[in-house]
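From just these sequences and the hints, can you work out the full model?
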Amino acid sequence: MHTMYFTERPYRYVPNDEVIKNGFFGIENKHFDSVKGAQLLNEYLDEKVLVEDLGFDGVMLNEHHDTAFCMGSVMNVEASILARITKCVKIVLLGNPIPIVGNPLRLAEELGIIDMISGGRLVSGWVRGGGSEQFASNANPAFNRELFNEAHEVIIQAWTKPGPFRYEGKHFHYRFIDPWCLPLQKPHPPIWIPGLLSPETVEWCAQHRYPYVALATFLEPTVELWNFYRDAAAKEGYQVGPENFGYLQKVYVAETDEKAREIAKQDMFGGAGIGYSLFGRPQFMFPPGYNSKAATARIARQFSDPDSSEGSPWASLGNPGGNSAAKTNGQTHEESARESVSSAQVDHRSAVWQDREKSVDVAAVRKQVFDAFPQVEHSMQVICGTPDTVIKKLRVVLECLRPGIFAFWQNDGPISKEDRLNNIRLIAKEVLPAVRQIGKELNLTSPFEVAPGSRPLPASGKPESVGSIEPLLRFREREGERVGAAAR
Amino acid sequence: MAEEPRQWRTDVVRVAGCDLTVLKGGVGKPVLILHDELGFPGWLKWNAALAERRTLIIPMHPGYGVTTAPEWIRNVRDLAGLYSILLRQQKLAPIDVLGFSLGGWIAAEMAAANPDQFERMVLVAPAGIKPSEGEITDFFQLMAPDQLRATVLDPQATPEFGQLFGGIGPQAFSLMEEARAQTARLAWQPFMHNPSLGNLLELVDSLPTLLIWGKQDGIVPVVSADDYKRAIRNAQLVVFDSCGHRPEVEMLDRFVHETRNFLG
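Heads up: the sequence lines are chains A and B, in that order. The working numbering numbers the first residue of the first sequence as 609 and each following residue consecutively. The working numbering numbers the first residue of the second sequence as 15 and each following residue consecutively.
Source of the hints: derived by calculation from the structure; they are not laboratory data. Treat each hint with caution, since some may be false.
Pulled a few chain B residues facing chain A out of the computed Cβ check, cut under 7 Å [unchecked claim]:
| # | residue |
| --- | --- |
| 1 | Met157 |
| 2 | Phe187 |
| 3 | Ser188 |
| 4 | Trp202 |
| 5 | Pro204 |
Heads up, the beta-carbon is just placed ideally off N, CA and C, and yes, glycines get one too.
What follows is the structure in structure tokens.
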């Protein structure tokens, strides 16, 4: 199993009230102090060196723009520095938002240089970019998927096709492609794709044999999308294995369950998975043409019918990587989202956005957000507690999803430096060895151990599943019995 | 109350690889109507009024919910080219044209390319020229229902507001979203204007042109009326006070009066 450390690198000093009133995208940048920002950026780079020393296999970076929750607006700059100041961790970029970059050839060169300086430690990844990212970079949202596909094509060609050659596509035009700074890894660095269960992206990954890394998604739909990947892979003639899948999980560890929970609650005001979903303004999350027709129809019902009984779209959309218009055979992402997000909160935002209510009751929203925490914990969106508590739950996640790539998402929101470092150290010392052991026990092969897409299909031609929701159901049953017994 | 019989029908016309749906209604000399960037909002009172004396020919812009957009249409000038081909093919030119907002921009592009295809041109708060002061409202930063609200000065005081797109509901929302996506494809950047249009309109020196603008237009600022007047020599301008971006709905009687007067 490949283990990684991830944090959004938040600007920790943004007032919560501003987040509640404005959403994470659209807060005036007068709230940003470059002196504090400079300190934080260096602190976050130092953290990466620390996690390398503490034994993580990789450091994962991401990119967002114009927002306090993630300062990594030009991720490749951080990656370039890490390429030089770290020695052995993989530098995993999940991912470069290729539709908004504007010049994929230059991106191919930047990544080539990062790979060379790091000695071949780069893992590349691509995302569509969230809705707000389209505004921040003035990238046409209606061409988002076309731009994604074409930028990917340009980068792969630049890395692998002997130059000079000419490229004339619909959106990108190059009369002379002949980059000299090519990646050290041949034919090119590994490519992993992060996302939020968009079936289109999952299918595309299966076709390209790229591992798919689900970003802290709900477990039930994630298992379903694993099966969707499995079937798409079978069409390509291969059997999926753990090396085809990755998962990002929020984890907060402290000396007591109570302390860990108090720290984790701050994440409600920072993490892209929760805070951003609750506080993204819909006009920035759903720019024109960005979503599929089915997703748009669903949003249409929710925004135009105040009495709609459907789940709120923004409860589950708007994570880094964009679209999660996943409707699989069973439970939708939205249905699952309702489990963990207070419906009162959603109703409140819905009222504001539907213009039925002009002002935001900041205190009420804050209370609702914190009141939702138990559900967030219940759904495993956040796992927190002592190492023992956390390991038990992580086992459930690993048994359900069987990922070959596992990222610990930590330290979002206004969590202090001391608590951040304590969390990192406890996880590295107490949790990481146990997780590695579980990985071995479950035979969770990473893409570095087994090449994704290299397993033959069973003789029957019928592909086998990688994940299952059963372990979660059994865990809940046991917990229910335990709570029941305690009550008696 | 019994429902009034439908006053229009639709045809599908094959133009330049596009199966274009064209709505037709009314009697008399034809007039080409080009709808705005939110799509065709429905057959409204102004349509019925003008249709008493004129045949309204209303193409559903490709990609705006009814007509499927062919891949080759990449900008507003392409759309103008499509309609020039339509006019030639259907032997409709020279024809009177009435364009609203995006539709006004399309008409202006058509006139700039070949003014002879029109007899008289009415542009209602057309986009297409970058305002010399202020900005065209970035409606891509609004949700569709908010964009619709921003098109009128006061939704409450606009009797037909609730009838636009059949009233705000899931279907209208989806239609408007489709229109917004296509508008993004055509005019995300530069936003809702073509930097060369003002210069190319120099060709339009003898086409009788009427500009109608709401003084309180919340989408294309009324200052653009002066920019258009500078670009199209001899254009007449009528500004409606206490009116937003939809004079045809907000000031129905005056709009019909001015338009009939001008088109004859």
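Comparing the hints with the structure gives:
1. Met157: Because about 5 Å separates Met157(B) from the closest Cβ in chain A, which is inside the 7 Å limit, the hint holds.
2. Phe187: With a closest approach of 4 Å, the Phe187(B) hint holds.
3. Ser188: Where the cut-off is 7 Å and the nearest Cβ of chain A is about 5 Å from Ser188(B), the hint holds.
4. Trp202: 4 Å, holds
5. Pro204: 11 Å, violated
This entry does not satisfy hint 5, going by the numbered hints stated previously; all others are met.
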